Amino acid sequence: MELNVSTSSQGGHAVVTATGELDLYTAPRLQTALAGLLRDQVDRIVVDLSGVEFCDSTGMNVLLAAMKRLKEQGGTLELAAPRPAVKRILQVTGLDTVFSVTDAVPAAMDAG
Numbered sequence: 495m496e497l498n499v500s501t502s503s504q505g506g507h508a509v510v511t512a513t514g515e516l517d518l519y520t521a522p523r524l525q526t527a528l529a530g531l532l533r534d535q536v537d538r539i540v541v542d543l544s545g546v547e548f549c550d551s552t553g554m555n556v557l558l559a560a561m562k563r564l565k566e567q568g569g570t571l572e573l574a575a576p577r578p579a580v581k582r583i584l585q586v587t588g589l590d591t592v593f594s595v596t597d598a599v600p601a602a603m604d605a606g
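Taking the numbering used here, the leading residue of the sequence shown gets 495, the next gets one more, and so forth.
Quick caveat, the hints were computed from the structure, so don't treat them as lab data. Treat the hints with care, as some may be off.
[Claimed, not checked] Across the chosen pairs, the derived CB separations fall in these ranges:
no.: 1; residue 1: Ala529; residue 2: Glu496; range: 18 to 28 Å
no.: 2; residue 1: Val586; residue 2: Gln504; range: 15 to 25 Å
no.: 3; residue 1: Gly568; residue 2: Tyr519; range: 26 to 36 Å
no.: 4; residue 1: Gln585; residue 2: Gly505; range: 27 to 37 Å
no.: 5; residue 1: Ala579; residue 2: Gly505; range: 29 to 39 Å
no.: 6; residue 1: Tyr519; residue 2: Arg582; range: 20 to 30 Å
no.: 7; residue 1: Thr587; residue 2: Lys565; range: 34 to 44 Å
no.: 8; residue 1: Val586; residue 2: Gln535; range: 16 to 26 Å
no.: 9; residue 1: Pro578; residue 2: Arg533; range: 11 to 21 Å
no.: 10; residue 1: Gly506; residue 2: Thr596; range: 10 to 20 Å
[What the hints assert, rightly or not] Mimicking DMTMM-like on lysine to aspartate or glutamate, the simulated pairs with C-alpha atoms at most 20 Å apart in a straight line are:
no.: 11; residue 1: Lys581; residue 2: Asp597
no.: 12; residue 1: Lys581; residue 2: Asp534
no.: 13; residue 1: Lys562; residue 2: Asp550
no.: 14; residue 1: Lys562; residue 2: Glu547
no.: 15; residue 1: Lys562; residue 2: Asp537
no.: 16; residue 1: Lys581; residue 2: Glu547
no.: 17; residue 1: Lys581; residue 2: Asp537
no.: 18; residue 1: Lys565; residue 2: Asp590
no.: 19; residue 1: Lys565; residue 2: Glu547
no.: 20; residue 1: Lys565; residue 2: Asp537
no.: 21; residue 1: Lys562; residue 2: Asp534
no.: 22; residue 1: Lys565; residue 2: Asp534
no.: 23; residue 1: Lys581; residue 2: Asp550
Nothing here was measured: the structure is a model prediction, and the numbers come from that model. Quick reminder that beta carbons are idealized off the backbone N, C-alpha and C, glycines included.
With the hints as extra help, turn the sequences into a complete structure.
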């Protein structure tokens, strides 16, 4: 399965929408998109996971690394609308307490 990643940003905020499976083979796509936003000095990134059906440790590591770098720059990274399977991974690994997780993509960010 493929992973499609699209980005929309306005001001210092960005929404990264991932659709498909986030794993060892597809994680670099997400990593590239996030790295681009970090270079652009975006201060808030919302990763829309509503279309992600599967996420392995590689995918989680990409998200963690991006969150860490963004925090160092004074910004925040949020995970939005993870599906039950992804939510479960977050809970089992304890990452649900590390990431800011919301059930929906913020409406103000939706029109991008």
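*Given the hint that Lys565 pairs with Asp534, does the C-alpha gap stay at or below 20 Å?*
14 Å, holds
_Can you confirm whether the C-alpha distance between Lys565 and Asp537 stays at or below 20 Å?_
Holds, at roughly 9 Å.
*Is Lys581 within 20 Å of Asp597, Cα to Cα?*
Holds. Lys581 to Asp597 sits at ~10 Å (cutoff 20 Å).
_Check whether the Cα positions of Lys565 and Asp590 lie no farther apart than 20 Å._
Roughly 17 Å separates the two Cα atoms, so the pair holds.
*Starting from Lys581, check that the Cα of Glu547 is at most 20 Å away, please.*
10 Å, holds
*Cβ-Cβ distance between Tyr519 and Arg582: within 20 to 30 Å?*
21 Å, holds
_Within 27 to 37 Å: is that where the Cβ-Cβ distance between Gln585 and Gly505 falls?_
32 Å, holds
*Measure nothing beyond the straight line between the CA atoms of Lys562 and Asp550; if it is 20 Å or shorter, mark the hint as holding.*
19 Å, holds
*Does the Cβ distance between Gly568 and Tyr519 fall inside 26 to 36 Å?*
Hint holds: Cβ distance 33 Å, inside 26 to 36 Å.
*Regarding the pair Lys581 and Asp534, is the alpha-carbon distance no greater than 20 Å?*
The given pair, whose Cα atoms are some 29 Å apart, is violated under the 20 Å limit.
*Hinted pair Lys562 and Asp537, Cα distance within 20 Å*: 12 Å, holds
_Satisfaction of hint between Asp537 and Lys581, Cα-Cα up to 20 Å_ = 24 Å, violated
Violated hints for the displayed structure, listed by number in ascending order: 2, 7, 8, 9, 12, 14, 17 and 19.
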